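Residue numbers (the numbering used here), protein chains in the order written: chain X, 507 to 895; chain P, 507 to 895; chain G, 631 to 755; chain D, 631 to 755.
Bear in mind the hints are in silico, worked out from the structure with no lab data behind them. Remember, predicted model here, so these are calculated numbers, not experimental data. Worth double-checking, as some hints may not be accurate.
Claimed, not checked - Covered stretches of chain D, going by a simulated chain X footprint (3 or more residues, C-beta under 8 Å):
no.	stretch
1	639-647
2	687-695
Unchecked claim - Keeping only pairs whose Cα atoms sit at most 35 Å apart, straight-line, the calculated DSBU-like set for lysine-lysine is:
no.	chain 1	residue 1	chain 2	residue 2
3	X	697	P	621
4	G	751	P	511
5	X	511	P	727
6	P	723	P	597
7	X	727	P	557
Yeah, the Cβ is synthetic: ideal placement off N, Cα and C, and Gly gets one too.
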Amino acid sequence: MNSTKYYFDYNATTPTDSRVLEAMLPFFSDNFHNPSSFYRQAGDARDAIDKARENVAKLLNADPKEIYFTGGGTESDNLAIFGVVSRYREKGNHIITSAIEHPAVLKSFEFLAKKGFETTLLPVDKYGLVDPSDLEKSIKDSTILITVMHANNEIGTLQPITQLAKIAHKKGIYFHTDAVQAVGKIPVDVKALDVDMLSFSSHKIYGPKGIGVFYKKNKVKIDPMIFGGGHENGLRAGTENVPGIVGIGKAAELALLEMADEEKRIRPLRDKIQKGIIERIPEILINGDTDQKLYNTLNVSLRYIEGEAILAMMDHEGFSLSSGSACSSKSLDPSHVLLALGLKHEDAHGSLRISLGKYNTEDDVDHLLDVLPGVAAHLRRMSPFWDKK
Amino acid sequence: MNSTKYYFDYNATTPTDSRVLEAMLPFFSDNFHNPSSFYRQAGDARDAIDKARENVAKLLNADPKEIYFTGGGTESDNLAIFGVVSRYREKGNHIITSAIEHPAVLKSFEFLAKKGFETTLLPVDKYGLVDPSDLEKSIKDSTILITVMHANNEIGTLQPITQLAKIAHKKGIYFHTDAVQAVGKIPVDVKALDVDMLSFSSHKIYGPKGIGVFYKKNKVKIDPMIFGGGHENGLRAGTENVPGIVGIGKAAELALLEMADEEKRIRPLRDKIQKGIIERIPEILINGDTDQKLYNTLNVSLRYIEGEAILAMMDHEGFSLSSGSACSSKSLDPSHVLLALGLKHEDAHGSLRISLGKYNTEDDVDHLLDVLPGVAAHLRRMSPFWDKK
Amino acid sequence: MMYSSKVMEKFRDTKNYGKIENADGIGKVGNAKCGDVMWIYLKIEDEKIVDAKFETFGCVAAIATSTTAIDMVLGKSVEEAYHLTNKAVIEALDGLPPEKIHCSVLAEEGIKAAIEDYRKKLATS
Amino acid sequence: MMYSSKVMEKFRDTKNYGKIENADGIGKVGNAKCGDVMWIYLKIEDEKIVDAKFETFGCVAAIATSTTAIDMVLGKSVEEAYHLTNKAVIEALDGLPPEKIHCSVLAEEGIKAAIEDYRKKLATS
Ligand SMILES: Cc1ncc(COP(=O)(O)O)c(C=O)c1O
Ligand SMILES: Cc1ncc(COP(=O)(O)O)c(C=O)c1O
């Protein structure tokens, strides 16, 4: 963690915690055996996987048998969606999600729409919240899946998952939540939420990339998406990524231990940034809910200027930030999330996402507040929309 | 590579080469950035991915644009199959493979058969070879995919891929090959083979687990299986597993450099084992082709005794071996591969797979030949089928 | 490994395997197709099992349950031995993996088959 | 970063941005919805561009192509400037990522629009 001086993009990805990497290392070249093999040494790999599964289960308050390892958050989201529609297509062809989901969900929905499924994208209010009564109204006899994200990656808004899952269950419909941005940051208890399925990703919680978790209640039956040698209780085939699984297990263990203290440390830093920006930069919009929001996330529109230009100026000053989500940074469209909140295109284009994490210090924050106002002023001087006085 | 004294199970998995691990290490905690991000540091991750893609392309004699990174060999096999059937279902519903494929292919076929596809499993002769004229005869107007493995994981038999692909192309049908056991061991040239798609897995070539390669000719169009943020040119979404990709890239680079020498070193060791077993253990069967076969693989049936019992005795003596494939070791059925060769159930149950690799020495081989005959004799004394004289 | 250390110990224990010439009861159970065949030989005197041996083609669990079943019936009355259960065999081995439970059933059946063979011979002699 | 170092250098170069009061030609192109708006101001004497400035709301490429286009037309005749192509702008920047080519088109259009504005004013004055 030294090649970036001021990293404020923890919602995009996190560095692997050194304790996590240390736990993984023995499983590359020494304890490398295929967990499915017969001999003694394979037992060590199996034991390590069991332990990781227990640690992940603990983090979610789940039963270890309900935890399946996948190749990432995206794969887990896809598994929930395709696993349900493949199995229950005969029962119905209507699926519901929200308008501000991650592309892992939205693009799957788009594909299924092309394949003849009926899809509903629930609107959100100007804070990014889904209205439970909208969900209630959108349910049909043909609805087979509802998936709504726990925490939004761009604006941090937290949805009322317990309430939404209850509505789904009243109608006997499976409920999945993409909890990629929630797990590891805030307590996520699958029993309290009462969700049928849940997804998260290792690299967002200081674990390695290329590994994810899919939680599924034991009584929920879905089709696998990847078939083969019966791994992960038949739900996800492929030789187990043992170091990756050990890594996400260790990351889960650490998150459970340290999450509460991290919140105490990070929330005031985020609040300080928000306050500082409001004080020092005129004509801004704070996007997302003020209350139902991840404590590490701040999304702000600097009106009259464009996001990429801000990122580039800030990058030059040593700051790693994002505008909208990392994975759509190549796209020219403004954030679908901000547009769904009702922002004007211009304001959506000028958004900046500041997401904090483990290694941010008060110094980082102060320096950000020193630099950002100047960058905004510089770009605004260049902008035809800025009223120069 | 020290916790197993005598590892002879390189077809199940391989230890990560220390040079590969070294190449990966900077990408966990230092150069951890999301390759899709905007700032400078993300460029290092992108460059590393580009370099890995080039190294993999070189190993296969492909264009880097034809290389896609996935979560493993199983996922790549599934992507070929489901990507084609999802896209061309309207064109036809018949798919062809061989009877001795890995479960990654066979279980996908079984699932599709249940979903209404017509599947053909080509028989093999007693050496494990597919007869090209069988393929020719099995093709129908409704055939949309042919997939035949390059090298078999249990018996090592190499299929006449060039010939089979030519037959497919004469009829305008896509041809995929599961080259998980071939790549890294023998030269695999996608242009010479003229396959449309090809799959392989990192952990079989001294790379890390949890990462695989899918090769696809640029003009071949298939549906993705995992949807999301447009990674891997839209074919496989999910934040890139940067350390894993760097790992498979380095493993590919090393394989290209060292493969030929490894063959020279390993083939005589394998041949010595075969000769020694033939000399020292009566009533055995050497399974698979004698000639069209991986140089590192030996599959032998020790008649009148059962495979797991052999593995357990050998494990006690410090040897890691397998019977059939690792991933079916939990299953009670004898190897579907050996049954397809025409072996009797008893003989299929008594099979032993010896697969060699980088770290095997002449000493390992001599010790194996010292120990195995005694183990066979011990178990045979216990067997009701063994004629004790 | 999925086996208990008790199973592995029994698997490697060689004292009970072999043939008994002129056995009073022989039980042959299992099927080579399924990968497990167990032959049980009993020597019986005064309705008491005075010697017992097995020959088994099969996996670790098949061999370990064979020898354990022999241990458990040696010295017992035929009547007692006939009531040996696979559950008792599993317990004596500190458990078996679920997919290997059928091996313990085979051991129970092997003992029963040998005793039935003995009784049939008695009845017809 | 996907941009050439030339692009980044131009992006940070501030000398060409600003307004020209009483400009002879103003070109306003682009659309805030799409994220790029470019205003080009030209000061023209004897059919020669003697001063030029831009105001741009947009990404790195939009800003870099704006300032580069200004550099390329400054001191040129109106006629010459009118034939500035987006290709020439891209070349001057050592290339642009494919998804950013449209920004260079905007720069070309901005210059053309400003010249057309100048010509229209001439014709009606
Ligand atoms: C809300 C959300 N869902 C899903 C994902 C996808 O996770 P991954 O990229 O690890 O596959 C991400 C992050 O990219 C995310 O923020
Ligand atoms: C021939 C063959 N195909 C596919 C696979 C699956 O690869 P992976 O387990 O890496 O997903 C294997 C190995 O397990 C194999 O040997």
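A quick look at each hint next to the structure:
1. 639-647: This one holds; 4 residues, not fewer than the three required, reach chain X with a Cβ under 8 Å.
2. 687-695: That given contact holds, which follows from 6 residues of the stretch 687-695 of chain D lying within Cβ reach (below 8 Å) of chain X.
3. 697(X) x 621(P): The given pair, whose Cα atoms are some 34 Å apart, holds under the 35 Å limit.
4. 751(G) x 511(P): This hinted pair is violated, its Cα atoms lying about 52 Å apart.
5. 511(X) x 727(P): Distance of about 43 Å is beyond 35 Å: violated.
6. 723(P) x 597(P): holds, 20 Å
7. 727(X) x 557(P): Violated, at about 41 Å.
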